[in-house]
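Those sequence lines, one after another, are chains A and B.
The first sequence begins at 1 in this note's numbering and counts up one residue at a time.
The second sequence begins at 1001 in this note's numbering and counts up one residue at a time.
Just so you know, the hints here were simulated from the structure itself, not pulled from any lab data.
Since we're looking at a predicted model, the values are computed, not measured.
Don't take every hint at face value.
[What the hints assert, rightly or not] Computed from the model, here is a short list of chain A residues facing chain B with C-beta under 10 Å: (1) Y36; (2) T62; (3) A92; (4) I137; (5) T304; (6) I307; (7) F311; (8) I330; (9) A333; (10) S338.
[Said to hold, decoys possible] So the derived list for chain A, only partly shown, Cβ under 7 Å to chain B, looks like this: (11) T32; (12) L33; (13) G97; (14) V101; (15) T132; (16) H135; (17) G136; (18) W169; (19) L335.
[What the hints assert, rightly or not] Sample of chain B residues lacking proximity to chain A, with all beta carbon distances greater than 12 Å (derived): (20) G1062; (21) Q1123; (22) K1168.
Note that CB positions come from ideal geometry on N, CA and C, so glycine has one too.
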Amino acid sequence: MSEQGARAFGFEGTWREYAPIAFTNLLLTIVTLGIYRFWATTRTRQYLWSRTRFIDEHLEWTGTGKELFIGFLLVLALFGLPFLFIQFGLQALLLQGYVGVAFSLGFVAFGWIFYLSGVALFRMLRYRLSRTFWHGIRGGSDDKGWGYGWSYVWKNFVGSFALYLLVPWAMISLWNERWSKMSFGPFEFSATASEREIFKRFLLFYLVPLVLIAGVVFAALFAAPSAMQASGGSEPPASFGIAILLTMLAVYVALPLIAVAFYAKYLRVAIGGLSLEGLDFHFDARTKDWFMLILGDIGLVIVTLGIGAIFLNYRHWKFFVTHLDATGEISLAQLTQSTTAAPGQGEGLADAFDMGAI
Amino acid sequence: MTQIGPDETIWHYDGSNATRHHPALSWNADGFSLHWDGGGSGPHRWSDLMPMTGTAGRSLYGLRGVSGWRLGFAGLPPEAFAVHLPLVARYGRWIDRMGLWRAVGLFGVVAVAVVFVVLRAPQWLAPLVPQSWENRLGDAMVGDFGGRLCETPRSAAALAKLQSQLGKDVPIRQIGIANIGIVNAVALPGGRILIFSDLISEAKSPDELAGVLAHEIGHVRHRDTLTALVRQLGLSVVLGGFSGDVGGTVNGLLAMSYSRDAERAADSYSIDALRGANISPLPTAAFFKKLGKLSGGDAIERSMSWMGSHPVSSEREKAFTASAVKGHAYRPSLSPAEWQALVNACAEDKDVAPPTKMLF
Chain A
1 MSEQGARAFG FEGTWREYAP IAFTNLLLTI VTLGIYRFWA TTRTRQYLWS RTRFIDEHLE
61 WTGTGKELFI GFLLVLALFG LPFLFIQFGL QALLLQGYVG VAFSLGFVAF GWIFYLSGVA
121 LFRMLRYRLS RTFWHGIRGG SDDKGWGYGW SYVWKNFVGS FALYLLVPWA MISLWNERWS
181 KMSFGPFEFS ATASEREIFK RFLLFYLVPL VLIAGVVFAA LFAAPSAMQA SGGSEPPASF
241 GIAILLTMLA VYVALPLIAV AFYAKYLRVA IGGLSLEGLD FHFDARTKDW FMLILGDIGL
301 VIVTLGIGAI FLNYRHWKFF VTHLDATGEI SLAQLTQSTT AAPGQGEGLA DAFDMGAI
Chain B
1001 MTQIGPDETI WHYDGSNATR HHPALSWNAD GFSLHWDGGG SGPHRWSDLM PMTGTAGRSL
1061 YGLRGVSGWR LGFAGLPPEA FAVHLPLVAR YGRWIDRMGL WRAVGLFGVV AVAVVFVVLR
1121 APQWLAPLVP QSWENRLGDA MVGDFGGRLC ETPRSAAALA KLQSQLGKDV PIRQIGIANI
1181 GIVNAVALPG GRILIFSDLI SEAKSPDELA GVLAHEIGHV RHRDTLTALV RQLGLSVVLG
1241 GFSGDVGGTV NGLLAMSYSR DAERAADSYS IDALRGANIS PLPTAAFFKK LGKLSGGDAI
1301 ERSMSWMGSH PVSSEREKAF TASAVKGHAY RPSLSPAEWQ ALVNACAEDK DVAPPTKMLF
């Protein structure tokens, strides 16, 4: 529906308009010792969604703070307390010398947390779609995500095979599995991204160790011996240390850059494979855009001595919407109300694992 | 019956499909209905209308019980219609009812009170916990310390002698030497005290060890470990509402071991115990002098001290020095042979696990 160059998605908010929401959220969160943050999240989303246009109508966020709060309490009761026990219990077991028991319990706990994070990712998406309305219609899923949790465990496990070369497959396959189970109105999403498109980008990660080894070999073979002879001592001189430092620095700068480049490609490919009935989605944020976004985030937080952090959600959502587009057509008359069960509570699990992005 | 529309500034979704309608509205005191070509909705009661929030200058209403039902106005609804409508929620129901600033004030006062109680209550609660509970808790947490305790019959006798001199009436259940490379000693829940092996190997004399040990005995006597545990538990509950990082940081800052008052009290217990046992406090003072140098000198330590839990080393050194009586004939806390038994405890104990770094 992007005829005449108009984009299907548009963001119409301004930071000035959002500022009163952000500051009162911060204030109320502080004076309630953090409890208000569920209502704060809801207000932020209400604002962001209502300023987001899709074709001819704005999105609408209908989730409530109470839902998120109840989700948080549920997680606290179901998982928080046992984990607290395991955390202190493990320490006690280790101190008392039951190393074997401690490690097997720790392994079980780790696996359980991992499984739950998968379930949480699924339910977070489901919750958000079920609370997002457009033209009076919402999304959702009939799946509860328990099966996705297992996929999450075994696919990530398999992804670590062969020097992690299967990670791109795991990521794309999980994305496709997750979105294929989601729907909007009567229509199911179709997710057909292919890992082949991100594989070359992923290989960049393997370049870094090679460069590192080359750097060290170079320093060892040429720089160090000649410098050592020059200084006539048996100890490696300062120049050798500097060479190592430079190599390390290159790694610390290069690795995050590669991660950004990979993630940019991943999201373009993953969203590019999404469609809903007659609509195809596209995402066009390139590495440079992500890089500027992150630099901007860092700059904003530093310049404002941390206060600017309350605008990060806003920035990220705006970035996301601005780069999102859709082409094709959707029939409004056929877009009937979703029959999926709306989840009763919010993103408790995802919240507990600190996975909520917006 | 009053009627407006239909026009472009009023729109409606019925929630069954995505088609947008531009209905005419008609209403009376009890309720309202919508009509458009080929359809309608209502009559509905006013009380079933729900204001939807955050809608960019548009006014949007939902209908109780019908998911996706929307009635929208560009700008505000016509006044004659609007008088029947509920107010838009803003911060949340409680806060809207009170007003933002009154709510902030009220929540703020409650928050300060809660934090104050959580920080203070452990001191009132800890003495009420039966000693046997604390002992069981301590056993569960620490046990036999994974076989890292160094003990020979002679070292045990030397420690028993120190204990009888410095803490006769204190419910100490164990004083152990742990084969761990730290220059320190700790009191643990359940009346246990651990001396880390490097404290002994670095000490110049048994009297220096006696001063530090007496300080830990002071903690046991005042049940400071239990107080700290209760406080940490309370803080993690209260600050649970913040997301992971913030709560953890604040918790760490506030819960940091014992309060400074507790440290002063333990110091003054140590001074009294040394005096009672006729042991010179000067070696302990020297130990604090060494400690002060290690942590970067007086100025640095003083500037950091607002966040530290221990009193500044130089103050502690002064307190111990001041308690020394000039020309008084002190006697050593241990004989040279007993002291050697402690120094060699880890080397002579054949079953002890090899030295380790601390796990926590």
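Checklist line | Interface hint status, A:L33 versus chain B (Cβ within 7 Å) | finding: holds (5 Å)
Next item on the list: Please verify that hint: A:F311, Cβ, nearest Cβ of chain B, below 10 Å or not.
Entry: Interface hint status for A:F311: violated (17 Å vs cutoff 10 Å).
Next item on the list: Under 10 Å, Cβ to Cβ, is where A:T62 needs to be relative to chain B, so tell me if that hint holds or is violated.
Entry: holds (7 Å)
Check: Would the hint on A:A333 stand, with a C-beta cut-off of 10 Å toward chain B?
Finding: holds (5 Å)
Margin query: Just to be careful: measuring from the Cβ of A:G136 to every Cβ in chain B, is the smallest value less than 7 Å?
Written below: holds (3 Å)
Margin query: Please verify that the nearest CB of chain A lies beyond 12 Å from B:K1168's CB.
Written below: holds (29 Å)
Margin query: Checking hints one by one. Is A:L335 an interface residue toward chain B, by the C-beta closer than 7 Å rule?
Written below: holds (4 Å)
Check: Is the nearest Cβ of chain A still more than 12 Å from the Cβ of B:Q1123?
Finding: Non-interface label on B:Q1123 holds, nearest chain A Cβ at 21 Å vs cutoff 12 Å.
Notebook entry, point to check: Holds or violated: is there a CB of chain B closer than 10 Å to the CB of A:T304?
Noted result: Violated: closest Cβ of chain B sits about 17 Å from A:T304, beyond 10 Å.
Checklist line | Hint validity - A:T132 Cβ closer than 7 Å to any chain B Cβ | finding: The hint is violated - A:T132 has no Cβ within 7 Å of chain B, the shortest such distance being about 11 Å.
Check: Close enough to count: is the Cβ of A:I137 nearer than 10 Å to one in chain B?
Finding: holds (5 Å)
Next item on the list: With chain B as the partner, please determine if A:W169 meets the hint condition of a C-beta pair closer than 7 Å.
Entry: violated (30 Å)
The structure shown violates the earlier hints numbered 5, 6, 7, 14, 15, 18, 20.
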